[in-house]
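A.B. asks: Heads up: the sequence lines are chains A and B, in that order. For the first sequence, counting from 1, position 205 maps to 533 in this note's numbering; every step adds exactly one. For the second sequence, counting from 1, position 91 maps to 536 in this note's numbering; every step adds exactly one.
Hints may contain errors.
[Said to hold, decoys possible] Capping the alpha-carbon separation at 20 Å, the derived lysine to aspartate or glutamate pairs in EDC-like fashion look like this:
id	chain 1	residue 1	chain 2	residue 2
1	A	K423	B	E570
2	A	K524	A	E342
3	A	K341	A	E525
4	A	K388	A	E333
5	B	K608	A	E525
6	A	K517	A	E342
[As the list claims (entries may be wrong)] Okay, the calculated bits of chain A under chain B, using three or more residues with CB under 8 Å as the criterion:
id	stretch
7	394-407
8	425-431
9	461-473
10	506-517
Treat the hints as calculated values from the structure; they're not laboratory data. Built from N, CA and C at the ideal position, the CB exists for glycine as well.
The lines below spell out each chain.
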Amino acid sequence: MKLNEDVLRGIWKENPTLVQVLGMCPTLAVTNSVANSLAMGVATFFVLCGSSVLVSMVRKLVPNQVRISTFILIIATFTTIADMSLEALVPSVHKALGAFIGLIVVNCIILGRAEAFASRNTVWRSFLDAVGMGIGFSLMLIAMGAVREVLGSGSFLGVPLFGKSYEPWVFMILPPGGFLTLGCLMLAKSWWYARKERLAAEAPARKEAA
Amino acid sequence: MGDLFWILLSTMVVNNFTLTLFLGLCPFLGVSARIETAVRMGLANIFVLVLTSLAVWLLNRFVLVHAPYLRLISFIVVIACLVQIVEMAIKKLSPALFRALGIYLPLITTNCGILGLAIFQTNREYTLAQGLAFAFGAGLGLMLALVLMASIREEVERADVPKLLRTQALVLFIAGSLSLAFMGFAGLGSAS
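Excised from the complex, chain A in its bound form (with noise of 0.2 Å):
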C-alpha cells in the first residue's frame, strides 16, 4: 500500500510540474513536439531514477556539510552517461535537444527530490518516488508536446491529422506558444482546485439539506 503511494504521489498528487513547479526550462523549451518531449522524459527520469538510488545509498556515507555539492556531483555523472548515450544511439534526437541535456544538471526537480527523500529514505522507496516523479513530469512535457504539436504543426509524432487544408498555428511552436500553453495549464489547475474547494465547502450544507 505505502510502496504504490510513493509512485502514485509524484504522478498526481505531488505532480513536479503542476503543483511543485519545478523545472520549468525544459518544459518550455523542449516541448515544441511530441518526439521531443518523450527523448527529454526518458533522459530526465534516467537521470532521476539513477541519481535517487545513488544517493540514497550514499545518505549515510556524507557529511552534512558537503551533502549538496555531492548531491550536485552524482547528477552531473548521470547526465553525462545520459548526454553520451542519447549521442551514440540516437544522434538525430541529441542534436535536437541540444544544450538542454546537459541543463537536466540544473533541473531543480532532480535536486529537489535528492534533497527532500532519497537523503532520508531507503534504497528501494526513492526508486519508487523517482519512478513516480518521472513519470508525472514526462507526462506533463507529452502533454505540452501534443497540444503544442497538434495546433503548431498539424501533427502528431510527426504524422499528419488534418490534411493539407489546415493552416497551421506556427505561434504555437516558437517561445511564446510555450508561455501561453503553460499559463493555460495552470490556470486549468487553480480552476479545478478552486472547484475542488468550493465543493467541499458547499458539502455538508448538502448534506444538512438532505
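Using the hints provided, position chain B relative to the given structure of chain A.
C.D. replies: Chain B alone, transformed into the frame defined by chain A:
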C-alpha cells in the same frame, strides 16, 4: 569589433536567454515582483556570467582537451566555486552591496542560464573576446527581461484581475506576450 557587437546585440535581444531560449526562468518567474530586486538580481547575474565565461574559456583551452567527458561535471563545479568566491569577495570588499544582493547571490548557482552559457559557448567554439561579449550580452538580456517583467507586474498589482488568474498563470501569460514582442527582433543579426 563589429563581430563582437553583433554577438552582444543578438544575445541581448534577438536570442534573449529568458524569452526565446527559456534559460534562467526561475528568477524570471520568482524574483520579478519588484523592479528594485529585479535590477539587483540582473547585476549579480551579469557579474557571474562574465566570470563564468572567462573560467569556461580557460577550462576548454587547458583542461577539457585532455578529458572531454568531464565537461558537465567540471562546469558545474567551477560555477559553484565561482559563486562562492564572488560571494566571499563581495562580503569582504563591499558589505553594503553584499547585503543588497542577499539571498540572490547563492541562488545563481542553480540558475540554468549560467550553465547554459557555458554549454553554448563551448558548442559555438567562441574565442575569449567573443565569449566575453556573449556573456555580457546574455547578462544584459536577462536583466532587460527581468526589469520589463517586474515593471509590468508592479502595474498589474493595482489592476482588477480575476481571482483565478492571480497565480503563476498570469505571470506566464505576461511572459508569453513579452516573448511575442521580442520575436519582432528576429532577423536583426545572426548569432553565428
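A.B. asks: All the hints need checking, so say for each whether the structure fits it.
C.D. replies: Taking the hints in turn, this is what the structure says about them:
Between the alpha carbons of K423 of chain A and E570 of chain B the distance comes to roughly 16 Å, so the proposed pair stays at or under 20 Å and holds. Simply put, K524 of chain A and E342 of chain A have alpha-carbon atoms about 16 Å apart, close enough for the 20 Å limit, and the pair holds. For the proposed pair K341 of chain A and E525 of chain A, the alpha carbon gap of about 15 Å is at most 20 Å, so the pair holds. Restraint check for K388 of chain A and E333 of chain A: the C-alpha separation of about 25 Å exceeds 20 Å, so the hint is violated.
Between K608 of chain B and E525 of chain A, the direct Cα distance comes to roughly 14 Å. Compliance with the 20 Å bound is thereby established for this hinted pair. For the hint linking K517 of chain A to E342 of chain A, the alpha-carbon distance of about 12 Å falls within 20 Å, and the restraint holds. Look at the stretch 394-407 of chain A against chain B: 6 of its residues bring a Cβ nearer than 8 Å to a Cβ of that chain, three or more, so the hint holds. As drawn, the stretch 425-431 of chain A meets chain B at 4 residues by the rule of a beta-carbon pair under 8 Å; at three or more, the given contact holds.
Counting residues of the stretch 461-473 of chain A whose CB lies closer than 8 Å to any CB of chain B gives 0, which falls below the minimum of 3, so the coverage claim is violated. Check on the stretch 506-517 of chain A: 8 of its residues sit with their Cβ under 8 Å from a Cβ of chain B, so the three-residue criterion for coverage holds.
The structure shown violates the earlier hints numbered 4 and 9.
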